[in-house]
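With the hints in hand, could you dock these two chains into one complex?
Chains A and B are the protein sequences, given in the same order. Quick note on the UniProt record's numbering: the first sequence kicks off at 1 and runs consecutively. Quick note on the UniProt record's numbering: the second sequence kicks off at 1 and runs consecutively.
Keep in mind that the hints were calculated from the coordinates and are not lab data. For each residue, glycine too, the CB sits at the ideal point set by N, CA and C. Warning: the hint list may mix true and false statements.
[What the hints assert, rightly or not] Restraint-style ranges between C-beta atoms, simulated for each label pair:
id, chain 1, residue 1, chain 2, residue 2, range
1, B, P6, A, R116, 38 to 46 angstroms
2, A, T30, B, H145, 23 to 31 angstroms
3, B, T173, A, P190, 53 to 61 angstroms
4, B, P6, A, E215, 48 to 56 angstroms
5, A, Q196, B, G7, 41 to 49 angstroms
6, A, D232, B, D106, 37 to 45 angstroms
7, B, D28, A, P190, 26 to 34 angstroms
8, A, E215, B, E56, 31 to 39 angstroms
[Unchecked claim] Simulated crosslink set (EDC-like; lysine to aspartate or glutamate; CA at most 20 angstroms straight-line):
id, chain 1, residue 1, chain 2, residue 2
9, B, K84, A, D86
10, A, K245, A, E228
11, B, K84, A, E88
12, A, K12, B, D199
13, B, K84, B, E16
14, A, K245, A, D204
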Amino acid sequence: MARTAIPGRLTKRAGWWVARLVDRREETATACTLVLEVPDWPGHLPGQHVDLRLTAEDGYQAARSYSVSAPADGERIEVTVQRVPDGEVSPYLIEGLSIGDQIEVKGPLGGYFVWRMTDPAPVLLVGGGSGIAPLMAMIRARRAAGSRVPFRLIYSVRTERDIYFADELRRRVREDQGLDVAYVYTREVPEISPAQAHRIGVADVNSHGWPPQLEPTNFVCGPTGFVEAVSDILVALGHEPRRIKTERFGPTGA
Amino acid sequence: MGIVSPGFQGRRRPAEPNLPPGQYLTEDFPVLSAGPTPRVSLTDWEFVLSTETGAESRWSWDEMWALPTETPTVDIHCVTHWSKLGTNWRGVSVDTLLDGVDTAADYALVHSYGGYTTNLPLDDLRDGQAWIVHQYDGADLPAEHGGPARLLVPHLYFWKSAKWVRGIRLGLTDEPGFWETAGYHDYGDPWREQRYQGD
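Just chain B, same shape as in the assembly (with noise of 0.2 angstroms):
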């Protein structure tokens, strides 16, 4: 327990089983990025997946919506605190990229339109925990939540979820991110309280 606060309520709710520790709920959608909104047109827009072989597997826009869709129902979880319960997405499970994908690798670094990266391990993006996401809300995923498709990995603070994603490079080691490298902890898991290097 800290430090008591006198005479501080605090604003309790019906307990909330699938809050994780240290986060509250909001019903908006709040944003953060490091830098401006990347407008990605989606003629130019394509997604590769390199293996740590150099081996590379593209899809244009057209292309990656021609895959089987799924439309998760995920809580989502930000490293600054907030939690949105029960969001709705469609897009295509990274499972079905993968599938006949000669690797060994272990880690995942994902590059986004813009310049952002993140890390993560390659099993996290496997057996139905990750999406590329392209719609939110049954409309077209805007621009400053990472339109025109993101990374959705829920299971881990969002800010493994890149937006503007643009491909996955799979390698034999663990190479830190954006801001993996600026203090953020490497794994990420909010049920650990993972926020921060160190945690």
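Chain A with its partners taken away, still in its complex shape (with noise of 0.2 angstroms):
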């Protein structure tokens, strides 16, 4: 539906949005997206970011990168946030933010780590625990669109209880043709599960991904030592490094 801009409200000020946080979902007992309306948003692609900022009574401020983990919805965008131990702004972001208060948004940022639905290549995603994120923008941009480009993802997680999103992709596997999805966990695996606890090696992303003849385009985001273990199994089993994009969450103390 088409907007008409309402004049001399202020939606954004030195390239910064004014946006209220209108709803919060709990994903693991240390994620949580954040579901904030931001007057006159743009838009944005799957798997692009936006930088959170918090201001301080006294004016103090900090800002941080975060992944938006759906399509835009009007003026509406979902944020997902992992609390980082000790971290200056994620915990604040999860316990401190209340619905109604507003928060300062740039964005959207990143115009590499990105699904583009005219691009008619097979697409491997790639997520290592809150690296999913960027990644189910994908998948739920995917599903809004009605596009039929087959999708794969391989998620990586410590146990079944870190999953995020995880009653959507059971049903997102069910309901959208041509998305599969296979999990391997690091530390405990399920009990119907067949496969012993391990790290993401060359079997899993050769079992699970597509063959280099199909030139797909592979989306890899997680922590620095993963993505640097799955895009080196993607080189090696002859993928074309430009098909190989990657997002690195480093230990940022975020």
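Structural data, given as structure tokens:
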């Protein structure tokens, strides 16, 4: 639906949008999704991120980058935040920010780690831990657009309890044709799983990814060590390095 | 001043004059790259400096490190808001490589193994502001941090310090690089918070 700009409404200043928290959803014991309403939000591509900025009463500010985990829904955007122990910003976002509170948003940012619906190439998504967030935006965008581009997701988590978007992923696999999801458990496998707990390896990527001959686009997101390992495996399996897009979450004390 | 977040305290540190606006201090060394880490063997490695006329100067790995090296200790600032102060490097000053090179160029396009590029004014590579470095903290530079060698231009946001550096092309016109094409600032001065286009 077309919107009419409201004259005089201050929605953006010095590059920062003024957003309001309208909902929050717990994803795991240490992560939650913030639903923000951003008046006049211009939209974003799946995979892009935003900066969130907090201001204390004396003017002190702190900003961090977070992945957007869903396609834009009008003026609503969803940002999934992993709580960093002893972090400066994430604990406040998860526990301190209340429904109705305002927060500043800059974005959308990053034009490279994005899935474009016009690209017909099959897609492999490989996520480690909280690295699922931008990949989930791609899965949801594919669904929203009714795209038939074949998608595969390999999702590495410590245990079943650490799966973000668990119910929705189960539903997506049932309902979305051409989407496959495989899990790798690094600490503890579910009781029904035949596999042992292990770190992602060549066999996982080979079994659950695409052959390089299909020239898929590979998106890899997670902690640095995970991304290094998976992208090295993809290169060794014969994927063109330019078809491997990475986003690394360092231990940055966010 | 922005929108006040009720109850937000933040982690204030003693006033740190070396921290640009919008940055926070980190003790570890995060990695940011758009793709896989290229592995470059030292026997194949070479560095090529070319000018606007097409003239080229080339250095093999051994030739590069036979040049006089310097050990800059500098602060680095990533556009993703982290800064790391007092980092120690060893490398060859870009002034040394430019010595005797005849050019009227105003711009440089730095290119890397793996295809990465970044652009900056040539003046920002001169006068002791930039190095080709191969050691970090007294040890060989790890591949994920840009080894075997990367550019170090610490007065600009760190994406300008191209990892896996392969060469510099000097030109009369400004040609945007990889992140600059993807919406990041053309110049990237951390003290003026030039993160994105339009900042």
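Numbered hints the structure breaks, given as an ascending list: none
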